[in-house]
Amino acid sequence: MTATVHPDRNFKYWLVAPAIFLLLLIGLFPLIYSLIVSFMRIDMMDTDTSFAWFYNYKTLFKDSRLWWSLAHTLLITAVALPIELLLGLAMAYLFLEKMPGRQVFISLLVLPTIISPIVAGATWRLLFDNRYGPINQILGWFAGEPVNALWTINPTLVYPAIIFCEVWQWTPFMFLILLAALSNVDKSQTEAAEIDGARFIRTFRYIVLPAIWPVMAIAILIRGLDLFRIFDIVWALTQGGPGTKTETISIYAYVQGFKQFETSYTAAIAFLVVFILTVVCVWAIRRMGLVK
Amino acid sequence: MSDLKISNLHKHYGGFHAVKGIDLDVPSGEFTVLVGPSGCGKSTLLRCIAGLEETSQGTIEIGGRDVTYARPRDRDIAMVFQNYALYPYLSVKENIAFGLRARKFAEAEIEKRVSRAAEMLAIGHLLQRFPRELSGGQRQRVAIGRAIVRDAILYLFDEPLSNLDAQLRDDMRVEIKRLHNELGRTMIYVTHDQIEAMTLADRIVLLRDGLIEQQGAPLDLFERPKTRFVAGFLGSPKMNFVDATATRTGVKLADGTTLDLPGQKGLKAGAAVVLGLRPQFITVAGKTVAKGHARVPAVIELLQPTGSRVQATLPLGGASIVAELAAHDVSKPGEKIHIDLDLTRAVVMDPQSGQVI
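Line by line, the protein sequences are chains F and R. Just so we're aligned, residue 1 is where the first sequence starts under the numbering used here, counting upward by one. Just so we're aligned, residue 1 is where the second sequence starts under the numbering used here, counting upward by one.
Please note that the accuracy of each hint is not assured.
Residues from chain F shown here face chain R by an in silico Cβ test under 7 Å; the list is partial [stated by the list, open to error]:
#1 Ala181
#2 Asn184
#3 Ser188
#4 Glu191
#5 Ala192
#6 Glu194
#7 Asp196
#8 Ala198
#9 Ile201
#10 Arg202
#11 Ile207
One-sided excerpt, in silico: chain F residues whose CB lies under 10 Å from chain R [said to hold, decoys possible]:
#12 Leu15
#13 Gln189
#14 Thr190
#15 Ala193
#16 Gly197
Subject to a maximum C-alpha distance of 30 Å in a straight line, what follows is the list of computed BS3-like cross-link-like pairs (lysine-lysine) [as the list claims (entries may be wrong)]:
#17 R:Lys104 with F:Lys187
#18 R:Lys226 with R:Lys252
#19 F:Lys187 with R:Lys252
Since the hints were derived computationally from the structure, they do not count as laboratory data. No experiment lies behind these values; they were computed from the predicted model shown. By construction, the Cβ of each residue, glycine as well, lies at the ideal position given by its N, Cα and C atoms.
Make the full structure from the sequences, and use the hints.
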């Protein structure tokens, strides 16, 4: 009998070890380290770095500015997400049919999503400018008199402005994903439904929606998470103003961390966000039936 | 009264002219089969009838009502699709009930109709299952059930059996024929399979390149084809075509054999023609030559036994022809035999136009 050469069965683990190590280093270590920091008393004002245990977390509950920022975030998410979803779906239905120039239109429509959000926000700030911005000017043509709407300052106008930019930038994302999902729905099924006498709502409810749901749920989840962490557009437009009227949770964390230099407190905010998102995600993934 | 009347129907897809002016009249209760090779426009024609494709020109009347511009749901039709098109997220029962619910039938009526359709198709035990849990044959039954549960004027079948294996296809063919006899509804059936067409149809409409080549009862088309295309399309094995020259009383083959064609008129002596002879009308020579038959010698080149019959390839007049003989009439290739050609069943065609003379 000849001796069989047994390759080292554990060799494969060595091959992936560097990647795992790198992932742990840049992923897990900062997570754990910031958790530790959140239990300490670190700020940039003094040298006291002793353990404060749950002091920062107790402070969170008394910090009304934090809870308002959370409310602002939820408001933007709750309004923008359904609009993006419905608008994206409507556009996807529109572009499902073959038409001349379809590819060109789709490419043009997707452009906003390609632009960096901070650039988009800065551009919209200029467009919304009360004196030099074209938006007031165009509204003026319709009104027949000069319009001087303070889009980024007036508390009643600032949310519509933010949500408008957000919807402008991210509806194409929904559109593209839903277009791909809709294109995959078996056409003969919708044709059969049409011959069966079903109208749009019934066909959508029983045939199209179940087919596109896995993709649609992921799109909702991705956009929902993104919206909860919204920063760039709001920062570029209002910097959280007027006052703290449009401060989102991300903006508040940024201000605490890099303007007030409350390092440990910021870490605690970050962990609050992680906690909320984890709970929402786990719930959503179960609820949406993404995991059987 | 006719349930379907199509006048001068045209359909263009961009630059492609798929249906080129079709007139069709389908009487109530008839089983009409649209048959033809792929790309002949038969499926397009069916989709135009269903309203799934807009027509480019012409009119469609269903049940005496002009529906040329009506939506599919307003045409009073039911349809069975080639890939079944079952609703994957609804149970078999809800699949069948879908059209009734859409049309706001009462729950008791839905219950009654679904169970009757399920009984007819022997799928009562599958009602709670989902389409993905069914076999191909079962899915096809559900698709048919979904169509027959409704009282439509017109029932459309778009190649419903082409996704099934051969055995199942034969069974379902019988089933569909039985359903038609029981229901007595007007059915329009698209297929590319000439056997399906022959066995199912009250009337065959044979399409070619977007036009009706010939229509009529299956036997009529089989025995009296108007063109070489029809003659070649129907029948299995295919009709034999042998190049020949016309004589005053018949034809002369390339090797000099002359065949008298009884009752064949209109032949122009000396003109090039094509002789068409079905494999079934060639037999091994018996004691006497029957009237209207011709006896010729032949050497067997190839044998394909099919059980009770055998398909023998043999040369005739410079061409290779197939004869369908009884299984034990011949034994092996190379065997020298005499064959009788039934020339009363032969057709003669013009080689250019393909028209039967």
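Right, here's what the structure says about each hint:
1. Ala181: Since chain R brings no Cβ nearer than about 14 Å to alanine 181 of chain F, farther than 7 Å, the hint is violated.
2. Asn184: Nearest chain R Cβ about 12 Å off; hint violated.
3. Ser188: holds (4 Å)
4. Glu191: With a closest approach of 5 Å, the glutamate 191 of chain F hint holds.
5. Ala192: With a closest approach of 4 Å, the alanine 192 of chain F hint holds.
6. Glu194: Since the shortest Cβ distance to chain R is 5 Å, the answer is holds.
7. Asp196: holds (3 Å)
8. Ala198: holds (4 Å)
9. Ile201: violated (10 Å)
10. Arg202: With a minimum Cβ separation of about 6 Å from chain R (threshold 7 Å), the hint on arginine 202 of chain F holds.
11. Ile207: holds (5 Å)
12. Leu15: violated (39 Å)
13. Gln189: It holds, given that the least Cβ distance between glutamine 189 of chain F and chain R is near 5 Å, below 10 Å.
14. Thr190: holds (9 Å)
15. Ala193: OK, holds: alanine 193 of chain F within 10 Å of chain R, min 7 Å.
16. Gly197: With a closest approach of 4 Å, the glycine 197 of chain F hint holds.
17. R:Lys104 with F:Lys187: holds (24 Å)
18. R:Lys226 with R:Lys252: holds (22 Å)
19. F:Lys187 with R:Lys252: Cα-Cα ~56 Å, so violated.
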